[in-house]
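If you're matching them up, the sequences are chains A and B in order.
Reading the first sequence from the start, the letters are residues 1 to 339 in this note's numbering.
Reading the second sequence from the start, the letters are residues 1001 to 1506 in this note's numbering.
A few of these clues could be false.
[Unchecked claim] If you want the footprint, here are the derived chain A segments under chain B, 3+ residues with CB under 8 Å:
1) 148 to 161
2) 193 to 206
3) 213 to 222
Just so you know, these hints were derived from the structure itself, not from any lab.
Every residue, glycine too, gets a C-beta built ideally from N, C-alpha and C.
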Amino acid sequence: MSTQTSPKLVTTAAVPAGRGPRLGRFRDLTLVPVIVVLLVAGSFVDPIFLTPGNLTNVLQQQSALALVVLAEALILIAGKFDLSLESTVGMAPAVGVMLVIPAAAGGFGLELPGILAIPLCLLVGGLVGAFNGFLIMRFQLSAFIVTLAMMIVVHGLQLGLTQGKSLFELPESFLYLGSATWLGVPAAIWITGALFAAGITALGYFRAGRSLYAIGGNADAARAAGIRVERVVWTVFVIGGVIAALAGVLETGRLGGISANQGVGWIFMAFAAAVIGGVSMDGGKGTILGALTGVLVIGLVENILTLKGVPGEWKQLVYGSIILVALMISRLAGGKAQD
Amino acid sequence: MKSHDKASVTGGIPAVEARNIVKRFGPTTALNGAEISVTEGETHALVGRNGAGKSTLVSILTGLQRPDGGEVRFAGEPAPPLADRDAWRRRVACVYQKSTIIPTLTVAENLFLNRQTGRGPIRWRALRARARDLLEQYGVAVDADVMAGDLGVEQRQLLEIARALSFGARLIILDEPTAQLDGPAIQRLFERMRALCEQGVTMMFISHHLEEVYEICQSVSVFRDARHIVTAPVADLPHQELVDAMTGEATAAYDYRSRTVPASAAVVLAARGLTLDGRYRGVDLDVRAGEIVGLAGSGSSGKVGLAETLVGLRRADAGTVTIDGAEVRPGDVPATLAAGLGFVPQDRHREGFVPLLSIAENATMPIAGRLGRFGVVSPARRREHGARMIAELDIKTAGPDQPVGDLSGGNAQKVVLARALADDPKALVVINPTAGVDVKAKHALLGAVEDAAGRGAGAVLVSDELDDLRICDRVLVMFHGEVVRDVPRGWTDTELVSAMEGIDNR
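Start from the sequences, fold in the hints, and give me the full structure.
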């Protein structure tokens, strides 16, 4: 640029520069000390804990929840909210499967080719997300209330269609992703890992991903900068729905059937994982890597409780308390007030 | 009123021109056949009362909103389609009233928001380098790596200006850029604006402070009731005529009342040896019944901190506050209010009112206990009180049940003042009462403060506005946390400003 087109704003007045060393890039790793503590504590609780077999097991068990956390983190960063993801985890696979299995096994009787079950399931998840986006962006409704209602509606749909029964006679192709092993590691871990890697890359290095932060941080400013806010947020809701449906596929494959309660209660764990991982409920803040560390903390805690033989009735209490402690530790390590 | 032919002002093709713009929001017409024309290279002021349509015009001129009618032309060419944001940004840059900096992103990313890269992945190192170059090029001394949320108001604004200009626009709109800056920062902004002007950048400047218009602008357009009223060189439009054009009637300049406060009048608000680390030190203060004492100083002088201590919002490290002869517990707002103090906080949106509640409810908040028995608040008595306040302070509203959030800035501020006056306070602390309000509301607010003094209250008025301070019987000037001067009524602007800037204090 020549001097003609680049006017100087100031020559004299000195403006103080920013203060303190930069900690921003480490902020999403504040849970790492917590994970280290859990690993050490776990190894004292039970010698099995630190074996590759057990840790793989932890990862596989958490892969479906991790995908819901990924979906929720994307939506939270864009400044919105989705409670209905947990119902999609159960409903989308149920509907996908019912379109292909015979009526005798609990299907609709359409008996579409079995290979279509997974694509149909993802489509259903996407449609739920699209409908959420439609109500929130077009009707300007509160994301909290819309997705709360949708959480009930979607789960109710599953209960109604399946008459509250579990589905067991599923096509092999539908169970494959959740049960197969690739190169000695469960396929579910590969898939979840790949999607997290994609999420980290997209939100860290691509304009479309960065626009989520801009929208969540200040939607008006994002609009003024030429970001198509409505379109982007809508897309994020659809992606969130598809990822939740995929989480349902993995969970179905792991368990070999779809119970009427698949996914129920997950959303609170998903929120807890995302928030202790540094994703702000106000939007615009947090990273996918941070959310992943949140899932790991929750998975390790669950595993340690199981190994320790903590009675089921007490698990909830310990669980909630540990989330609170993790929050306090990440708050102290991160140094900034929680929001 | 004098009316000027536009042709006498403009010469050649205007940098931006809007013709016959109509914009409606539901039942309200924000702009009704409005027009404006800004000559290339000039600094053009746009003034008008709250609700005159200035902000709507800005969003239309910058392509954020589509007008229902009329057209916008840049340098004689029609404006680009609304969807093409980049084309708009190459023609016109804007520093909006509401910050468009995203606090959770770094300075570098804010500068290149939505253009971090052409295609493919973002190269962060390269982006930071580009950001540093840009900041250096515009002489903005801000670290490209810090979070924008950690910057001060002035730095954020510089960032906005640098970003706006980096698109290559030669026309920049500044919508109330001085509203949140203190004196020295405003002067630094004006220096930059003059430098830009010398380099041929066309600017449109919006402000409620008419003296700023005379200081920095060559010509001025006045809007009133959604219409363009007059455009003239500032030299041709003296202060009084400008105010008349804004209000649509001949408004007298504010009539400052004269008062004599007898030396025998009781001290209603006193401070002894007040100290708050990092804010102010060893402040003594005596406010007598019927007296208005001004507190002046730059943003870092500690005047707001001192006022907030008087009302109990802050707790002093040392010293005492006495209201109506009784010492109050430090840092305890309810105790201070109970002792007979009313106050108008600095930020009315944050501390002044509850936007969803009605005018009556907001105005009676401190006296709710006396509107009924046994903790019950009588709606009828609340309404009655609200209606009286509306009449007394001339609040423009549909009635006492209207939510305060729906009111314009000036009227909302009147509600805040009504709340402060609800209990007929012995002492009144008012912080920046006229920030962001128009001329008429300003007069009403200052009048209400003077009325309260007339009824025997002692008032402390903190303000960045010299005009406000003229109602004071004396002005205490603070500099770096200390009261350095006690200026009696009848001061001149230069005298007060030089004291505020720390020149010739001893």
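Hint check:
Given as covered by chain B, the region 148 to 161 of chain A fails the check, having 0 residues with a CB less than 8 Å from a CB of that chain where 3 are the minimum. With a threshold of 8 Å between beta carbons, the proposed coverage of the region 193 to 206 of chain A by chain B holds, since 4 of its residues qualify and at least three are required. Counting residues of the region 213 to 222 of chain A whose CB falls under 8 Å from any CB of chain B gives 8; the rule of at least 3 is met.
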